[in-house]
Each structure stands twice: as structure tokens, then as C-alpha cells.
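Student: Below, each chain spelled out in residue letters.
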Amino acid sequence: MSEAPGQGPSGETRSYHGQPILKEPVWKWEIPVYFFTGGLAGGCAGLAYLSELRGERELSRRIWLGALAGITVSPMLLISDLGRPARFLNMLRMFKVTSPMSVGSWTLTVCGASTALAAVNAWTGRFPRTGAVAKPLAAASGLPLSTYTAALLANTAVPVWHESPELLPFIFASGAALSAGAIGVAAMPPGHAPAARRLALGAAALEGPLMELMVHRLGRYGKALRAGKSAKLANVSRACIAGGATLLYTRGKSSRLASVASGVLLCGGAMATRWSLFEAGFISASDPGNIVGPQRAVIRSGARRGGARHEARVGAADPRIGSPATTLG
Amino acid sequence: MSGRSDSGLRHAIRESRSSESGVIEVLQVRARSTYGDEAHPRMGFFTDTSVCIGCKACEVACKEWNQIPMSIKGFTGNSLDNTIALGANTWRHVAFVEQKVPLDAREDPSLVEIAARNGAVDAGVQTYQEGPDGLRWLMASDVCKHCTKAACLEVCPTGALFRTEFGTVVVQQDICNGCGYCVPACPFGVLDRREDDGRVWKCTLCYDRLKDDKEPACAQACPTNSIQFGELSELRDRAEHRLAQLQDAGQENAQLYLADEEDGIGGAGAFFLLLDDPEVYGLPPDPVDTVRDVGEIWAGAALAAVALAAGLAAAVFGGRR
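Taken in sequence, the protein lines are chains A and B. Position one of the first sequence corresponds to residue 26 (the working numbering), numbered consecutively onward. Position one of the second sequence corresponds to residue -18 (the working numbering), numbered consecutively onward.
Keep in mind the hints are simulated off the structure, nothing from the lab. Nothing here was measured: the structure is a model prediction, and the numbers come from that model. Watch out, some of these pointers could steer you wrong.
Derived CB-CB ranges, DEER-like [to be verified]: (1) A:257 with B:273: 44 to 50 Å; (2) B:204 with A:257: 50 to 56 Å; (3) A:251 with B:299: 58 to 64 Å; (4) A:279 with B:176: 50 to 56 Å; (5) A:244 with B:52: 35 to 41 Å; (6) A:161 with B:295: 32 to 38 Å; (7) A:257 with B:81: 26 to 32 Å; (8) B:16 with A:155: 28 to 34 Å.
We put the beta carbon where it would ideally sit given N, CA and C, even for glycine.
Chain B with its partners taken away, still in its complex shape:
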């Protein structure tokens, strides 16, 4: 949605600057100026991968509720992951990473023991070690990030992609004409075009369920609360405590991903707690909203257009007839 008016947006930014909590506020004040009484606090997902058990209930629940077509691609051999990646027909994707962590590189004999001693098991970390090589299994349920600065939404020429009253990013299927611009614009490779349908599809954060005060299907189906749904400000608060808890338990590489407005996409509506670097889960370490550079991009195109005019004029007027 392009917003009612520019003055509304300017007003929103001014108001948010005077408040303390930054970007969430911009979206919320914008939501108020666009949606009036229907505006809602920004809603999102906090995916705590440390308690993911790889059951794929989220994938199934998402497919069921949203009536997403089949997307069987055969057996990949990539651990237990045969879904491969997010796409037009996959809005939740559980990643499986098997890591060999040599035990003799550490002073202690077993990471299970270390974990137990430091409280990681009590903290419910669902990774385990076995054998002399030490196999660590990481699982994570990936989803559309519902970025604060969403490139897909900004580049969409038809306005099919819009910001809902919940601060989420949704494709209006009655508008999308399948131009495909959002597909390479997304820094996470989330959006894709459905072959037989011609339109682009992605996670709606269960827009229909939210309108009915229900939580999204994946969050409801998740048996371990790895997928938590709620008001984003509250989720971020929880995530900070969970990160501190895991750090205390010796998970040194535990990290929050996309939880901050200082990152390249202004923070995400769906953010993650990871036990290793993002690229290990197939996520970019430094995603950037391409539209951040659109001024520079237009300046280049304008300069080249002027150069073309100069070249044409030089060719026509710069010699004999």
C-alpha cells in the first residue's frame, strides 16, 4: 500500500523520531495513518532454532491451511531436508545441518557433558553429540522475514505487494501480474513464481487467521514453541533473555539474526535465534534492502541518459552532413 499521502508518512517519521524505539514505531505510526482504527501492533515470528526438533509440522500445517500445491522434488541426501528451500510452494522450510565437531579438539570428553554441566540441556537445547567425531545436528524453520525495509514491496510495480495493518508483507493475488521483479530483489530468495499459475506466492503470516485473532498455522502446530508468534516488541524482549540464557549455558555462537533495526533490512518481522552463523542455515550474513541504493542507481541512469543525449548531439551536429 503506497500510504494515504506523503504528509502522513512525514508525520509518521517525525513522530517516530521523537519516540525511543525507532523503526517499529515508524511502521506502527504509518499503520495508524494508513489504517486508522484498524491499525494493529506489529506482529511477527520469533523462531528459536535451539528448540527445533525438525518435525516439519510447521511445513505441513502451512501447506494444509494455505492450500499450497505439492512440491515434491525427490530425495536430496541433504540430511533430512527434501524440501530444499523456500519458494512459491514452500512457505516454511526446515533446514537440517549435520556438523562434525571433533571432540579431541576440546579439553572435555563430550559436548553432552559440557552442555549438561553448563545447563544447555536444562535450557532445552535440541542439539546432540554422538560418536568420537561428535555429530551436532542443527535444525531451523525458515520463513519469509517480513522485513521492515522490504525490497520486494518497494520494487513491485503493480502494488500487489503491500504492508498490512499488522506490519506484515503480503501479495494480493488478484493484483499480481507475475512480472517477477520481486524474485531477484529479495535478499533471502524467498519469493518465487508458481509455474502453472504465473503469479508470485509467499508466506502471508496467515493474514486471514490474523484477521480472526488466530495465530498462524505454523506457530500453532509447532510442538516445542520453536516458532513463537506475537507482538514484535514482546518477542524481541523474550529473544534477548533467551540469548542470554543460551550464552550462559555455553552456546558461544548463539546469535540473534535480524532482530535489530541497524541491520541492512531495518530488522525483520520474523527473526531468529541461531546456534551458528546464518550462512550455515542458508541465510545471508549481511542482507541488504537493495532500495537503500536506489538514489545512487537512479543518479547513474540519469547521468547515462544525459551522456546519451550528448553523444547523439555530437554525432548529428559534430561533423559534415
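Next comes chain A alone, as it looks inside the complex:
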């Protein structure tokens, strides 16, 4: 905590015995892992579909399998994180645009079913007519599947998640591209997946600068991304992505081992980035100064009036009405 909690002289951020104002999320490790697997599945579906359009059938086939793996693990992770896993179907009780989790549940359902059909068709050639519909559907629904998770985090009261709704989804999109490209280069013999290689290298180059830009734009809120576990995971992410991209660029066309290793490193980097963002939310929520300070600053600036009002809206007090001794009715 940057300010000492408690009641200090004026100008200092005050708090209630240093207690947090927000509750930390109850989500566990399954959620950041899902951010990775969901993005991987979404990115892979798009890459597989487009590769097939370009006529790269073998690459496409293998990436459909990657998409299938990601989309199979994803709901398992989400259900496992529920407080009442047996009630997972309640997620489809309604459709609410104000709840990214509701939109995401439906997106995952559509993308999951169509990816399964697409993969079956790609590998067996069966159900050609269904496959012709399922493939573009999986690719299209894979796009929001990759970015709605950013909307999910942004649509909370946690400052580090809430205050950057324009950049956060781009980091999730770049992570999806990164992991899809990584699956592509790892799945094919060296030099046989130039599209996946381009995708992986491009996304690897974007991810770091996007994160830096977001931390910069977040200003004071961005400190949560430079603290504790979040900072450590960001370092892991940078190391994995730098190592993986270097390996892929220098040895990826000649060595199978190098391309597989770079794929693993890049996937690890994509997951660590999301985990770092995830952890930052806990740090951001646990610090009352992080809530009170900026909210006070906004009120002082006159941009917002805040939740409290000092002036009574009655001219003169009538004690018969205002006194707590009188009863209602």
C-alpha cells in the first residue's frame, strides 16, 4: 500500500483500518488457464479455416485438432472452478448482454460444438455438408471467444481490469494469435507452416509493447501489474516469448526440436501474460488506497460528484420528521 491507512492529516488517503473496499475475486487457477485454452481454441479455429481456404490441408487438419483440444479442456476448467459444478447448465438459463460471462458461455457452446464437427470432418471426411457450415462457424465464433474474456475482466469494479477496456482485449487477441501460431509451427515439420510462423512471430512482437502501453495508460492503476506475483509472471511471459520467438526465427525452419520448443515457449508466454493480468486484479482489489485515492481525485477535479452530499435538500429542518425518535408511518 502506498499510503499509510488510517486517519491522517488532510490530503492523505484515508481508509477503514486499512481494510480492502472491494472483495478479491474467488476465481482460482482454472480461470487464467482457461483464458489461455479458450484463446488457443479460438485462434486455432480461425487459422485452421483460413489455411484450408488457402489450400493448406495438412496444416489445417492438424490445427483443427489443436482447436478441438483447447475447446474440450475449456469447459472442464470452467466447470471445475464453479462453486456448484453440478449446476453448470444454469449458465444457459438466459442470455444477457450485460454479462460477458453469459455471452461467453453461449459463444463457448457454439464454438465447441462447431469445432468438434469441423475436426471430425477434417480428419474423416464424413458429414461434408455439416462440415462446410461448422468450419466457418467455428472460425467466426472463435474470434469473440478469444476476446470476450477481456470484456469479462473489464466489466468488474477492479480498477486494473476496468480502466483499460480499449487495450485489454487486444492483449487477449494477440495471445490467441500467438498460441494458434505456436500450435501451427509445433505441429508441422520445420518450414512447412509459414503462415503459422508469420502469425506467431507477429503476435510475439506485439504482445510486449501492448502490455507496456496498457500499464502506461493505466497510470496509477497500472502499479498492480508491476507488483508481486503479477510482475513475476510478466517477467516469465517476456522471457518465454523472447526465447520462443528467437528460437523460431533462427532455427525454426531447420530443426523440428527447435520449432516444437519454440511452440511450447510461446504458448507458455501467452498463458503467463494472462496469468499476470489475472493476478494484478487481486492486487488491485486488495488495496483500499487504489480505490479511494483515484475516486477522490475525480471528485476533486469536479468531473464527478461522488456518492455523498453535504447539503440538505430542505430549507429548514423539521425535527418531527428528521428525528430518529419518531417512528414511521
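With the hints as your guide, set chain B onto chain A.
Tutor: What follows is chain B alone, placed relative to chain A:
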């Protein structure tokens, strides 16, 4: 409850615009369109902290009536507060704040004297001063705010959280699957998941008692009428007079918290009269319903999805095979 139909909601908003009193009306007209004859005026709490004596009867009554599990966390040293915060097993929480107000900074020798002279004691303000440093003790019973614009309700993917016919916000325990989305969405940190149970729990404003025309347990137990229950419009009227009374009595920092529809949550069903700034009691000074920004949030996600499509296409078609 998602409401019967969009047209019902549009109708509600149109009707409320033509009336004078704004947001309460939106909820009440909505209640009529959703609940028909069962609709009820919006009910709420006015917690007047100036008369709170910190007895914690509200905490106990709430636990008893709602059969809430034990939540002993040991001794905190935070004045007399060992409950710490609202949560899954704490639906009323009494905050204790000890403030040192140096007396020599003032012209008058004792705040008790000032208070007595200005009528604060007559007005029943339950803060006192003692010693040369002047110790002021603030107490306040916190509760779920039952926001007009309730983020928890809007982000709940299952519809377990709903708006009752009394305008309150309640979790349906037979629906909640413990996804936990409402927990970080609440700007007050009210909701939490019960560890052994897996579901989210919070104040129901004694929905069961309201259905039986009884007042909530905490309000009934409160010995000083610090917790007042009633129709929200009436409570707001009372609160204005009480605020004017306290201002007259020299309590310059007395303030109404969450009493107005212009604030970030559209006003609360449970609002407060505080003697110091909200953050001193552990309340956010400018709470905002996150769903206010959901359009911007979705626009960002949609733009990023389009960028991802462009990136994929560029990688696949933008070079040799």
C-alpha cells in the same frame, strides 16, 4: 429477473420520464410491469449513523433470523470491530472508527461543549470526546446497498440475482452456481462465496419477512432507530430533515451517502447518513456501476476480434505458402 419483455421496460422508462421523481419511478413502474398486482413500493434502509451506539444487535439479529454460519476471525485490534467486513456470512457489519481530534486546534475547549451548545447532544449525536487529544468515536452499521443500478444483478449469468417486487436485490439460492462473477463486480465488496457451500450469499433485506409485512430483523433489533426501514421515498424525506438538523447542530461533515439518483449507482435502496467521509467507514467515495461502461467494453472486445481476424488473414494470405 430479466423483466417480462423489452417493451415493458421501454414503457416503464417512458412513463418514468414523464413523472417527476426519476429512478425510483423506473424501478416501480418496472416492478408493476414484471409483478403486476404483486408490485410494491420500493422498500429500503436509512441508516442514520449519528445515533448508532455500536451495540451490534443488528449483526446478531441478522445472523439469528437468516441462520448465517459462524464467522469468528479472532481479535483484530481495530477498535471494537472483530467482524471486519461484509461477506457471505456477515450481512450487517458495524464499523468502529476512533478519531483523534486535537482540541487545541479549535478555539473552544471541548467539542462536547460545542456540541451541547449547538444542539448536537439534543439531536442525539452518539459521538463523544474525551482527553486532551479529543477522541471521537464513529460507529456505523453497513449492509448491502440494494443499488438502483446493481452491477451484481447485471453480470449474473444465471439470473440467480434478481430484483424483487420490493425493488431489492436478492440471490436465489436454488439457481446460483457459484460462478463468482458478482464478487468483483460489486463496487462495495458486499458479495462473497461461502467456502463450504460454493454459492454466493448476501443481505436479502429479509425478503421472507417483507413478504409477511414484517420489517427486517436488523431494523427491528436496532435500539436507537439508527437502522430505519420503510418506503424509500419516505426514508429519503426523513434523511433530508435529519441532515439539515445535524448541519444546524454544527456537524459540518455530516453527509448523505447514496441518497441520490445522480450518483454512480443510481442511488441505493440502503443509504446512509455519515458524520465523516465514506472512506473513513470503509465505503468507496465514488462507487460506479461497472455495467455503465459495458457498451465501451464490448466495443473494445469487438474491435479486437476484428483485428484478430485481420491478423489471421494477413498471416495466411499475406506471404508464400
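Student: Now look at each hint and say whether the structure bears it out.
Tutor: Verification of the supplied hints:
1. A:257 with B:273: 44 to 50 Å: violated, 34 Å
2. B:204 with A:257: 50 to 56 Å: holds, 51 Å
3. A:251 with B:299: 58 to 64 Å: violated, 36 Å
4. A:279 with B:176: 50 to 56 Å: holds, 53 Å
5. A:244 with B:52: 35 to 41 Å: holds, 37 Å
6. A:161 with B:295: 32 to 38 Å: violated, 18 Å
7. A:257 with B:81: 26 to 32 Å: Distance hint for residue 257 (chain A), residue 81 (chain B) is violated at roughly 40 Å.
8. B:16 with A:155: 28 to 34 Å: With Cβ atoms ~45 Å apart, the hint is violated.
Hints 1, 3, 6, 7 and 8, counting from the list given before, are not met by this structure.
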